[in-house]
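A.B. asks: The primary structure of each chain is shown beneath.
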Amino acid sequence: MDIYFKNDFIKNNEIVFYAIIVSIIVMVIMCFVFAVMVLKKK
Amino acid sequence: MSKIIDTLKEKNIAVGWLYAYIHFITEVACFYFLSRVTNGSYIIWLIPFAYDAFAFVPQGLIGRFCDKYSKLNIGIIGTIMLVIATIMQFAFSMNVLANLIILCIGNCIMHVAGAECTLRNSDGKLAHSAIFVAGGSFGVITGKLLAQSVMPYWGIVLLILTMIPFVLLANTYYTKESYSQDACKKFKYANTNIAPLAIILIATFVVIVRGYMGYGIPTAWNKTTLQTVLLYVIMGIGKALGGILSDSFGIRKIAVLSTALAIPFLCFGDNIMIISLIGVMFFSMTMAITLGILVSVLPKTPGLAFGFTTIGLFLGTAPIFFIKIVDSRINIGIIVVLSLLCTLLLSKILNKAEK
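So the protein sequences, as listed, match chains A and B.
Using the numbering used here, you'd call the opening residue of the first sequence number 2 and step up by one each time.
Using the numbering used here, you'd call the opening residue of the second sequence number 6 and step up by one each time.
Worth flagging that the hints you see were computed from the coordinates, not collected in a lab.
Incorrect hints may appear among the rest.
Residues from chain B that keep clear of chain A, each with C-beta distances beyond 10 Å, as calculated [claimed, not checked]: (1) Arg41; (2) Asn176; (3) Thr177; (4) Tyr220; (5) Ala265; (6) Asp275; (7) Leu345.
Straight-line Cα separation of at most 27 Å, DSS-like style, residue types lysine-lysine; simulated pairs [said to hold, decoys possible]: (8) B/Lys228 <-> B/Lys76; (9) A/Lys41 <-> B/Lys73; (10) B/Lys357 <-> A/Lys41; (11) A/Lys42 <-> B/Lys16; (12) A/Lys42 <-> B/Lys357; (13) B/Lys191 <-> A/Lys42; (14) A/Lys41 <-> B/Lys305; (15) B/Lys228 <-> A/Lys42.
No experiment lies behind these values; they were computed from the predicted model shown.
Backbone N, C-alpha and C fix where the C-beta goes; we use that ideal spot for every residue, glycine too.
Take the sequences, apply the hints, and build the full model.
C.D. replies: This is the structure we're talking about:
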């Protein structure tokens, strides 16, 4: 296989890892919501 | 050449140089912390991943806050947070994740302060923010090298504190106009025939590709510390040149040429350092260009616009933590396809009326 996944990265750190992922998703969505709000105000 | 010299004499260009130093020290502090915590190895993968997430992604939100309260001197707050994180980690050995979050927020604040100050005082030019952004590349490698040296943590604390006079001096460039919502109205680099939200998505995609390239390009030649230093130095020079050349010769010309010319150099530079470095320099030039496009779409909120570039950088580097492409042919294929796509997209979203 030429491409492989580094699964060991997630192992043993599952809760912290998923907390980080959820925070990232929330922050990215909030940025886009702010952008839409700013664009609508124009 | 005279055009480039004229660009370097632009009004308020000193703000770019002041924040280049501040950005440099910020990255030195962060990468000293990161490298010491992970002991130079990447056994603790979670720490660098968490750092990337919390140092890059919140910048849009902090930027939005600073857009609303533009008179707030956040650079001082960011400096204090970097000092606290360094002391708590190395003097008191407190919880590493808590210290990391403080460090990341400090990093975010310093970046947003730099973006706000350079964009608001640049009169619609790109060189100011490009010079500010370039300082970071030199800081990353310096921080990593200092972490491997005998440099004590308090030396880093003193270095961080040297940012205070620079932040205060940069703040003196603010005028009543640059604090106002119209400070960035001269940024008109985006194609007005395309929906603004689509431009934001496309520009962010281009940044994602650039972020991926930074780590994904084949660099088998990179084996010594000096070669790694050269790689980061060239990245920094490329970022600064992107803004300076765009102001001198036109953003559209530089965007398309730099992205397209980078392709052959990146593909065939795996074993030849000089060829690879030329490719890295060309591709790094897009940094200031994408920022200019985003600010053109969101001129009243330059902090939020800057945040989209850092979100893109995070999303571009995140796959490196999970996926490793072993076959260099696949990697080269990805580079060619993505670079061509970026060239095409940039030519579409840039204002055709611009030079």
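A.B. asks: Checking each numbered hint in turn, tell me which of them this model violates, lowest number first.
C.D. replies: When the structure is compared with the hints, numbers 8, 11 and 15 turn out to be violated.
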